[in-house]
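Peer 1: Residue-level listing of the chains:
There are 2 protein chains.
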Amino acid sequence: MKLASMKQGRDGRLVVVSSDLAWCADAAHIAPTLQAALDDWDRLAPLLENLSTDLDHGVIPRERFHEHDAAAPLPRAYQWADGSAYVNHVALVRQARGADMPDTFWHDPLMYQGGSDGFLGPRDPIPLADEAWGCDLEAEIVVVTGDVPPGASRDEALAAIRLVGLTNDVSLRNLIPGELAKGFGFFQSKPASAFSPVFVTPDTLGDWWRDGKLHRVLMVDLNGQPFGRAQAGEDMTFDFGTLVAHAAKTRALGAGTIIGSGTVSNRDADGGPGKPIAAGGVGYSCLAEVRTVETITGGTATTPFLKQGDTVRIWAEDDRHHPIFGVIEQVVGG
Amino acid sequence: MKLASMKQGRDGRLVVVSSDLAWCADAAHIAPTLQAALDDWDRLAPLLENLSTDLDHGVIPRERFHEHDAAAPLPRAYQWADGSAYVNHVALVRQARGADMPDTFWHDPLMYQGGSDGFLGPRDPIPLADEAWGCDLEAEIVVVTGDVPPGASRDEALAAIRLVGLTNDVSLRNLIPGELAKGFGFFQSKPASAFSPVFVTPDTLGDWWRDGKLHRVLMVDLNGQPFGRAQAGEDMTFDFGTLVAHAAKTRALGAGTIIGSGTVSNRDADGGPGKPIAAGGVGYSCLAEVRTVETITGGTATTPFLKQGDTVRIWAEDDRHHPIFGVIEQVVGG
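Residue numbers (the numbering used here), protein chains in the order written: chain A, 1 to 334; chain B, 1001 to 1334.
A portion of the hints provided could be inaccurate.
To give a feel for the contact side, a few chain A residues facing chain B, derived at Cβ under 7 Å [stated by the list, open to error]:
| hint | residue |
| --- | --- |
| 1 | Asp39 |
| 2 | Arg43 |
| 3 | Gln79 |
| 4 | Gln188 |
| 5 | Trp208 |
| 6 | Arg210 |
| 7 | Thr257 |
Everything labelled a hint here was simulated from the structure, so no lab data went into it.
Glycine included, each C-beta is placed from N, C-alpha and C at the ideal position.
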């Protein structure tokens, strides 16, 4: 089952979307919003599944699904927490600035509490008041949970995952050092994130979803050129079950909690930092990482951060090269 | 106008509460939940004000207002961000551990993104799975905003403040050093916060609300003994207009955003760390601060963190010693 929220009011209008993303059907008679569906998932999910089946069979009224008209599946949420599960990425960033990485980083997930009061739709421009802030994309996998009890095990956490999707976790890199130095984590450096047009249930992903990971390539284009083709199922040190359980260690998680993987990142085949796609590598899922690799290999970062008018495209494909979650495509500044 | 949410479902049932907190009237015909009221505040607030006036005049059906039956006014919210506006508190904590405090801390607010997917009601027990986590109370002032545009000025931010209340921002002190060392801020160390039974509009507070500060004593009792009597209007380095503008620097804030003051803290009359109430001082609004003062003055902290069965009471009074926002009263572990 694939679910989306068409732009309407603060919370959107819930629709089920056909497998090929061509059609959708209004789900308001089941739940007006995706949050409402998540709040009563056990009762409503089977009804939404039936609607989805009917839509795929073409036996109910349907409308074309236009990704441009979609909001984030949860246009606002009660929780967004982002992990840093691809520890390779963290190790590279620290190597570039000459900082040791504690061994605990391989065993204890990094996670920050993000702002969730308003998200960007998949085709919304990225607002950027000041290029000097160092705007970056971060292509990531996300999951949406149901209610998770405090102290949940990894298996309980995995069982609570309701939906899977993609995000562009926009970051203002030049504001990060000052904020981290203050010790309270990210705040101004993390403006609104964008999400893929549809979120998908794990069972619909079949074998692509296993061991708490999405086993597909995360495609990232920058200004029309291939930029990232990392395999999201590889080098993910902490699977989503572990990330959700980490988040729930001392408190319950409310239904509709979104948990992110952090920037997807693969080691190069030789075990070193990833190479650009033009050099035969899988590229990168954020600009900070290519700048880090440039710093390590050449002494200085040459790739600039995002400028007004730059375009970012993030998606994942099925075996026939059709987007699974739709496409995030954003222009900086709009 | 005073607003509360009676426990019902995930978001409570909105009521207006009489000035003396004795009575309430259902507001569901105006807005089913406080979030719904905040989402359409300009249109709905005058209707709620009329209901409030009618309630105070006793001309509409009313029911007794039982604080025990109240949820947090926003039982879950789209954003909870907590400042550290009483810089005196930060300076003391750093002094105790021998860390310098950067001068910027006096000019640039500290703020962290908190979890907002589920809050405790004012009389709910504080869940605590492990006393070794070092459970602490933090008595604070909070405001709830309407929509705030990105880059809002302090004056715009002040004008966007819809409601004022109190919180007990529960903290797990022994988990904080490890989390801050990882650099991503608080997460597991900040379980669910509790809020006062009612939130109050700034105009209803009259002269107690001025310059973006609440000019009342924040009362804190611990196990039935006076523990804190700090004046919330004093030593607040950053007023709420400044805190809200800080939060909105790079992004919009959605209606229903809750912004906290951080632990209220007063310097002693001689300019040094505050003294206990028994020693003629105004006491403390969290255990970490008394432990810090003990460390500075005696070399070691002697006051323990909260234990199962401890009770915490937080409130503020009008001139006749009646609670303005109702009373937060929680038992650890329940």
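Peer 1: A separate judgement is required for each hint: does it hold in the structure or not?
Peer 2: Taking the hints in turn, this is what the structure says about them:
1. Asp39: Interface hint status for Asp39(A): holds (6 Å vs cutoff 7 Å).
2. Arg43: violated, 14 Å
3. Gln79: holds, 4 Å
4. Gln188: Hint on Gln188(A): holds, closest Cβ of chain B at ~5 Å, below 7 Å.
5. Trp208: Nearest chain B Cβ about 28 Å off; hint violated.
6. Arg210: Where the cut-off is 7 Å and the nearest Cβ of chain B is about 27 Å from Arg210(A), the hint is violated.
7. Thr257: holds, 6 Å
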